[in-house]
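Sequence lines, in order, name chains B and Y.
If you read the first sequence in the numbering used here, its first letter stands for residue 1, the second for the next number, and so on.
If you read the second sequence in the numbering used here, its first letter stands for residue 1, the second for the next number, and so on.
Please note that the accuracy of each hint is not assured.
As the list claims (entries may be wrong) - Pairs of lysine-lysine residues, derived as BS3-like cross-links and limited to a Cα-Cα distance of at most 30 Å, are as follows: (1) Y/K67 with Y/K128; (2) B/K86 with B/K61; (3) B/K144 with Y/K67; (4) B/K178 with Y/K35; (5) B/K118 with Y/K100; (6) Y/K128 with B/K118.
These are computed hints drawn from the structure, not numbers from a lab.
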Amino acid sequence: MYGEEASKLARETKRTIDHFPPYNDPLVRSITREIRHLHETCLENHIREATQPLTEIFWTKYLVHMTPLQRNKRILMAYHFQRIEKIKELAWAYNTLPESSRRLLSPDEILFFSEYEKQCRNKYTSQMEFNELDLGLGMISPPKEVFITVRVLKDCGDIVTESGATLSLKKNSEHFVKRGDVERLITQGYLVHVA
Amino acid sequence: MSTEDDFLFDNLDFRVPPARDIGPERERIIVDPSKYVEHLTQAWINERAAPDVLQYEQATVDGLLAKIEEQTAAIDDLDSGKDAAMIISILYQTELERVKFVLRSYLRTRISKIERFCEYILSDPSSKERLSRAEVIYAENYSRVTRQHYHSSFLSSLPPSLQHQDDTVFDRGLSMISQPRLDEAVFCRIMEDIGDFQLEDDETVELETGQIYIFRYRTVRVLLQRGQIELI
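Based on the sequences and whatever the hints tell you, model everything.
Rendered as structure tokens:
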């Protein structure tokens, strides 16, 4: 039945609104195939009946083919749009694509990540006097204090703080640190702000 | 407490002394430098509440960035040996971080709107005018990068007549280009006496300072641009 594959993709898109599954290449391909098939059928009908006056049957056929075709395309657009939104989030939080996310992206999406980062994010953040502002930081809540306590969720090795000291962040340890030093690691999910 | 400390506390409410080197260019700015933070905070709230992109606050953003730099230097100069200076330093830093937060959030809010309505903004001169130069470049690059991505991901394998990204679904007028929904309702506070204001359907309301209303955004857009109302 026409549009069945696309329905699957639409459902997948909706279901995965909060997490990030691997790119569904087979499904995307089969939907584009269906679009091409529908398009050809439409054209054939059109050519066959072009010489005759347009009948109701012709319009019915046209509608039956055109509707799933357009719906398929819309679903493909929506699916890719939702993924783009997530890739953009990654691009703002990280400077290079983390290995764990790389596996989930299609080759085209990896290219998009680096293009977006280069052409949009970096071009915007590097101009003017934005050097004092790290625009990639989390926008969760305004800071209330300079020093905060954080718990380490994932090992992130040693970091150098603004004052020049080295801080060793081991999994499950807690630290009382300057917010500015670790904010990015919180955004990236290595640390969690506990107090 | 020493006189030096007193001096530090005096400046606490707004920390930076008035700009010393006011060039001829700076004088044209309407916003008083000591009101930058207030002004930007309101611009940020407006930006977050309005469905479309508002005028970029170039002067305020630039002024504030300069102030942030000054203030960072001032914090570095504080003698960290003394207890009082330490406390003041922390207060300064907290405020600085909070100002930076608003600024960051303001810029990112704009960026996210620009991404969402990218194609629409680029095709609409009056929206495009409201962006900063950097934002226009951003929008253009974003449009190019996403088009490329859609194209190489799947549009290139469709028949040529179907490769556009701006079709409307036939009969139903559903466009693939997202536009800001100007009919959205916004809450606003009236900032000055406006008198009788004409709503769309021949109805007028009398607007006085301090009143709070819920209006259709499209109707009060002009007032917001003139600064006669603020969104909440």
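A quick look at each hint next to the structure:
Using a Cα cut-off of 30 Å, the hinted pair Y/K67 and Y/K128 holds, with the two alpha carbons roughly 28 Å apart. A distance of roughly 39 Å separates the Cα atoms of B/K86 and B/K61; the hinted pair therefore is violated under the 30 Å criterion. Straight-line distance between C-alpha atoms of B/K144 and Y/K67 comes to about 20 Å, which keeps the hinted pair within the 30 Å bound. Our distance criterion of 30 Å between C-alpha atoms is met by B/K178 and Y/K35, whose separation comes to about 28 Å.
A C-alpha spacing of about 24 Å is found between B/K118 and Y/K100, which places the hinted pair at or below 30 Å, so the restraint holds. Taking the CA atoms of Y/K128 and B/K118, the gap is about 22 Å. The hint holds against a cut of 30 Å.
Comparing the model with each earlier hint shows a violation of hint 2 alone; every other hint is respected.
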